[in-house]
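Undergrad: Here is how the chains run, residue by residue.
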Amino acid sequence: MSAGAAQATVPVLDGWFTTAGAAPHLIGTRCSGCGTYYFPKLETFCRNPDCESSQFETVELSRTGKVWSFTNACYKPPEPYIAAEPFVPYTIAAVELEREKMVVLGQVVEGVGVESLKAGMEMELVLETIPDATLPEGKLTWKWKPVEGAGQ
Amino acid sequence: MSGEIAIIGVGMHPWGKWGRNFAEYGVAAAQAAIRDAGIHWRDVRFISGGGTVRNGYPGYVAGATIAQALGWQGAEVNTSYAACASGSQALAAARTKILSGDCEVALVVGADTTPKGFLAPAKGERPDDPDWVRFRVGITNPTYFALYARRRMEIYGDTQDDFALVKVKNAEHGFTNEYARYRKKFTAEDVAASAMVADPLRLMDVCATSDGGAALIVCSLDYAKKIGKGDAVRIAAISTVTPSFPSALVEMPDLATDSAVAAAPLSFRSALPTKAYEQAGVDPKDVSVAEVYDLSTALELDWIEDCGLCARGEAAALTRSGATRIGGRIPVNPSGGLACFGEAVPAQALAQVCELTWQLRGQAGSRQVEGAKVGITANQGLFGHGSSVIVVR
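Protein chains in written order, with UniProt numbering: chain B, 1 to 152; chain U, 1 to 393.
Just chain B, with the same shape it has in the complex (with noise of 0.2 Å):
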């Protein structure tokens, strides 16, 4: 991003992760009866066929986890994906949240290739920009970036 440009600011989903402050976190939500984690976040009914629960509290869930698997993306994406011209390819990936027990895809950072990335390796959550079809200086998503000396 160009110096003095806008800054993205709106996120891509609505109460889908915190924007404020250096260490952002996906926002789920935890089941009162059965410690269930939901993401995205899940606020009527517990889906364990085993828990009656309909209470939930919200959570940050943790920032991060090791990689489960990767892949990326070769070809741009049908809407509502918006990409920049000319198209890009990024990295995804999937990655394990050990207290939650969940695995959470999401794009890796610009510059990261899937020849950097291996299962079990460290990633935590960052937000960076994706273009957006009306705000001309894109809206927040989260991507997973590999943790300082990570699969070295």
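Since the hints were made in silico from the structure, they are not lab data. It is possible that some hints are incorrect.
[Unchecked claim] Derived pair list, reagent style BS3-like, types lysine-lysine, alpha-carbon separation capped at 25 Å:
hint, chain 1, residue 1, chain 2, residue 2
1, B, 41, U, 123
2, U, 229, U, 123
3, U, 116, U, 17
4, B, 66, B, 118
5, U, 17, U, 275
6, U, 226, U, 17
7, U, 185, U, 97
8, U, 17, B, 76
9, U, 17, U, 229
10, B, 66, B, 145
11, U, 97, U, 275
12, B, 139, U, 123
13, B, 76, U, 116
14, B, 41, B, 76
15, U, 97, B, 76
We have chain B; now place chain U onto it with these hints.
TA: Quick look at chain U alone, frame taken from chain B:
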């Protein structure tokens, strides 16, 4: 087994990309199945269609659309939509109708016309739809297949050459299949030279979307005997179980797995054939031929393991040994699979059963698996849908 029904007719319309009305393909497949059964259209008292969501209202009521095109004759009608398992779900509805004694003969039919390129979600700003959300953040269908493929490489040591071998095998199988869309003997070099779509998967590792149609005429065992087809291929199991919470794998269209904090994670893919084996009372060791959903080359390897045809992590070695080729111990996708067909969603699960029927009848020509007695299908689609069908002779 008492829960069985007979398959007395099978028919298909060739797979391709013509953009004609889906009902045309359904009618052609249905007429072929009716001819194959040697019955009259009026003998069919239940029409069960696999729905299609890309062809407007006529697609939502595909059973009726195709019944009308064949000529209304007062039979009862049904349409089932269950993503990639739509055909099997329609077949299950016909089986229930037949086993309850409510009808003797049913037509099960599925057909589709697909758009070019990526399958995309409905338009608009719809953040409550997980399918819309994942496309918005850049997660397409090949993403999921590529994540599963890469996971195999990381955990089992599979290679891209192993995946290419699946394509080469299926291309060889489908080469003489008159219903297949792609009939070319691709080589490992062809696969390696094709464009990368979602690393590690190349264009030739992932299946296309196609137009096509497939149909079955199914009936009670008594009716089959009555018309001199007492030795017809029988359906011994149809499994359409849902996943069990919590899911072990991140599945389309979700961006996360279930959290496994409260219970151990379970595999949906392996639950589908497991239920089918239970229902049919057969063991994976009894299987002589399998038609599994090779949406990607690597996914065929997952299915081979999920169907219990080899131990976890050994499907690549099994493929390298030649066991999954026609003539091998356990041929997989003798039709050529999705690699040669491309996916025509509501028709695909039925096309798998058509192929197994030809195989068990000994009518598969140059694709024939010698002495095939038990066949299994497996497929999986969006939103917790999937199916596995076992046919026996």
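Undergrad: Would you mind confirming whether the straight-line C-alpha gap from residue 66 (chain B) to residue 118 (chain B) stays at or under 25 Å?
TA: Between residue 66 (chain B) and residue 118 (chain B) the Cα gap is close to 9 Å, so the pair holds against 25 Å.
Undergrad: If you draw a straight line from the CA of residue 17 (chain U) to the CA of residue 275 (chain U), is it 25 Å or shorter?
TA: 35 Å, violated
Undergrad: Residue 139 (chain B) and residue 123 (chain U): Cα distance at most 25 Å?
TA: 19 Å, holds
Undergrad: Is the Cα-Cα distance between residue 17 (chain U) and residue 229 (chain U) 25 Å or less?
TA: Violated, because 36 Å separates the two Cα atoms, which is more than 25 Å.
Undergrad: Please work out if residue 185 (chain U) and residue 97 (chain U) have their alpha carbons no farther apart than 25 Å.
TA: 42 Å, violated
Undergrad: What's the verdict on residue 226 (chain U) and residue 17 (chain U), does the C-alpha distance respect the 25 Å limit or exceed it?
TA: Roughly 40 Å between the alpha carbons, so the hint for residue 226 (chain U) and residue 17 (chain U) is violated.
Undergrad: Residue 41 (chain B) and residue 123 (chain U) were given as a pair; does the straight-line alpha-carbon distance stay at or below 25 Å?
TA: At roughly 23 Å apart (the allowed maximum being 25 Å), residue 123 (chain U) and residue 41 (chain B) satisfy the hint.
Undergrad: Does residue 275 (chain U) lie within 25 Å of residue 97 (chain U) when you go C-alpha to C-alpha?
TA: 21 Å, holds
Undergrad: Are the Cα positions of residue 97 (chain U) and residue 76 (chain B) separated by 25 Å at most?
TA: 46 Å, violated
Undergrad: Within a Cα-Cα threshold of 25 Å, do residue 41 (chain B) and residue 76 (chain B) meet the stated pairing?
TA: Answer violated: residue 41 (chain B) to residue 76 (chain B) is near 28 Å, above 25 Å.
Undergrad: Given the hinted pair residue 116 (chain U) and residue 17 (chain U), is their Cα-Cα distance within 25 Å?
TA: 9 Å, holds
Undergrad: For a C-alpha distance cap of 25 Å, please report whether residue 76 (chain B) and residue 116 (chain U) respect it.
TA: 14 Å, holds
Violated hints, in rising order: 2, 5, 6, 7, 9, 14 and 15; the structure is consistent with all others.
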